[in-house]
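Trainee: Using the sequences and the accompanying hints, generate a full structural model.
From first to last, the protein sequence lines stand for chains A and B. With my numbering applied, the first sequence covers 1 to 285. With my numbering applied, the second sequence covers 286 to 611.
In short, the hints are calculated from the structure, not lab data. Possibly wrong hints are sitting among the right ones.
[To be verified] Across the chosen pairs, the derived CB separations fall in these ranges:
| # | chain 1 | residue 1 | chain 2 | residue 2 | range |
| --- | --- | --- | --- | --- | --- |
| 1 | B | Arg344 | A | Gly41 | 53 to 63 Å |
| 2 | A | Lys34 | B | Arg363 | 20 to 30 Å |
| 3 | A | Ile49 | B | Ala347 | 55 to 65 Å |
| 4 | A | Asp282 | B | Gly471 | 26 to 36 Å |
[Unchecked claim] Taking lysine-lysine pairs in the DSS-like style, the calculated list, with each CA pair at most 27 Å apart, reads:
| # | chain 1 | residue 1 | chain 2 | residue 2 |
| --- | --- | --- | --- | --- |
| 5 | B | Lys418 | B | Lys385 |
| 6 | B | Lys418 | A | Lys34 |
| 7 | B | Lys385 | A | Lys34 |
Where is the CB? At the ideal position from N, CA and C, for every residue including glycine.
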Amino acid sequence: MTSVAAPRLARRAAGRPGVGTVYRWELRKLRSQKRTYLGLGAAALVPLIFIVALLTSSGGPEDVPFGRYVRETGLAIPLVGLLFSSIWLFPLITSLVAGDIVACEDNHGTLKTILTRSTERWQIFAGKLLAAVTYAVAALVIFVGAGLVIGGLIWGFDPLPSLSGTRIDAGRGVLLIAAAAVAYLVPMLAIAAIAFLLSTVTHNSAAAVVGTLILSFMMQLLAIISGLGFLRPYLLSEQFDAWQGFLREPTDWAPILHAAWVSACYAVPATLWAFLAFVRRDVAD
Amino acid sequence: MTASPEPAIQARGLVKRYGRITAVDEVDVTVSPGDVYGYLGPNGAGKTTTLRMMLGLIRPDAGTVELFGRDPLLDGARALDGVAGSVEAPRFYPYLTGRKNLELVAALDGDGAAARIDTALDIVELTDRARDKVGGYSHGMRQRLGLAGALLRDPRLLILDEPATGLDPAGMRDMRVLIRRLADEGITVLLSSHLMAEVEELCDRVVIISSGRVRYEGSLDDLIATTGGRYELRTTDDDRAARVAAVQRGIGDLARDGRGLTFAADESAATALSIALGEAGVGIAALVPRTATLEELFFQMTEDAAPRPGDVPASAGGRAREEVRT
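Mentor: Next up, the structure:
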């Protein structure tokens, strides 16, 4: 350490940082971690594997919506991919970051570092939450984009039959796929909120990620128990199919709106709980 | 720097409990602007818990803390304006470089903190390693990076928790020099340390805490002076000297140690004794006041649950707490 006189550091002059500053730095931190690319890589790789499997075999997922069209138009690829990925892929990718983004600060002991600066706790919370949401959006965009582009390059962009039997041309098809992705994002965000909550209250990344996956699987399990059929409309796992409303003509808004409020019933309390836990917690580690 | 009228730190009746354990028990601390304040206590005494409450990292179960008149719990991050420091070892993101870590904390500081990064790195001599990832830093380098991060805030109050931990002897010396210079520039420093020599060299006031309770708060000089009423005496004939001293007015607590006699007296009684010894034909080889070191006082206060008479007599500036006097 220098033994010369410490130069007097210039006085503070400008304004205070806000949520945007925290958000940008959370994204920079995510970009610096290998784990980030695991999830995004999986989002790009899974559609590719699906397409390779279609190219190397003759069968197909004919018992699911749009399954019979996967070799006829690239528009069907991302839609069929969405159906299968709600089981584990997106819960995993979402929780990978949302379940870690607070707990990793505990693991590194850096929470005290960022909470003793000029940023309020709620701003740190909001910045982290926005970063986790951004990651979920990015993963979904990559997944849908990869499926659409690669599927389109191989099988073209011929019109896609809607679930109502009408034909959807390529331009409108792309728009409807984007709308479907937005609808799909809603329960994903609820999953992210649960992972964020677990990350905040357990202070342990592994517990938060695994806990989120267990909750997700439990809901899927409850959905297949015939005696608990009355629960199905309110299980988060069931809301991942709501996007199909956009692929009917006219648009069937009922499942979309239902998924929105059911997802909100999970996301809002989880986020509020996480918020209160974060702003009131003792940072003693 | 303009002196603030409010105390840099004012903690009143701080209590923190973890289950049945009371980690901090009715702690009062007042650090005035310009103080270099030593915060002493053995492991588990409640020092770090108190520092965490001061920085708003944990909530007290009772009591209040104000930093320059602002309460971290009520005023949030604004209470930390002009305050910097770290509790226990400074922590940074291991996957980011030292510079990136400083850019991050500077971004969270705002107010032009980013413009001070180069200067701060230069002060702690980490410029050459600033582009290396923190994961590869030694403990001492992380300590220095922590100090650089604190300097970015251009603090009026610097809270340092064992800043010399992990530093080599030269690094410890340089850290002391830097803290002294920062203090000379008017920065108030609260220094938590196990290193008594460091505290004696740097601090003008101290608080000694043990088992969650304050055992002493006040001037370091006053604390040392509380033990100034004892003398060491070496003579040509200790037996005769003891007999003379035993009947001399104002001489008390007479005892022998391996090198001669010790006794308690004020200055005039010690002078009278020296005359009496001369009249009795006893040669005086040495008559010197005996003061305890900070280390001795620290151990007396923190290791003895039951206080010993005279250990910490009340002094003009210092406040020894009742529990060590009663």
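Trainee: Checking each numbered hint in turn, tell me which of them this model violates, lowest number first.
Mentor: Violated: hints 1, 2.
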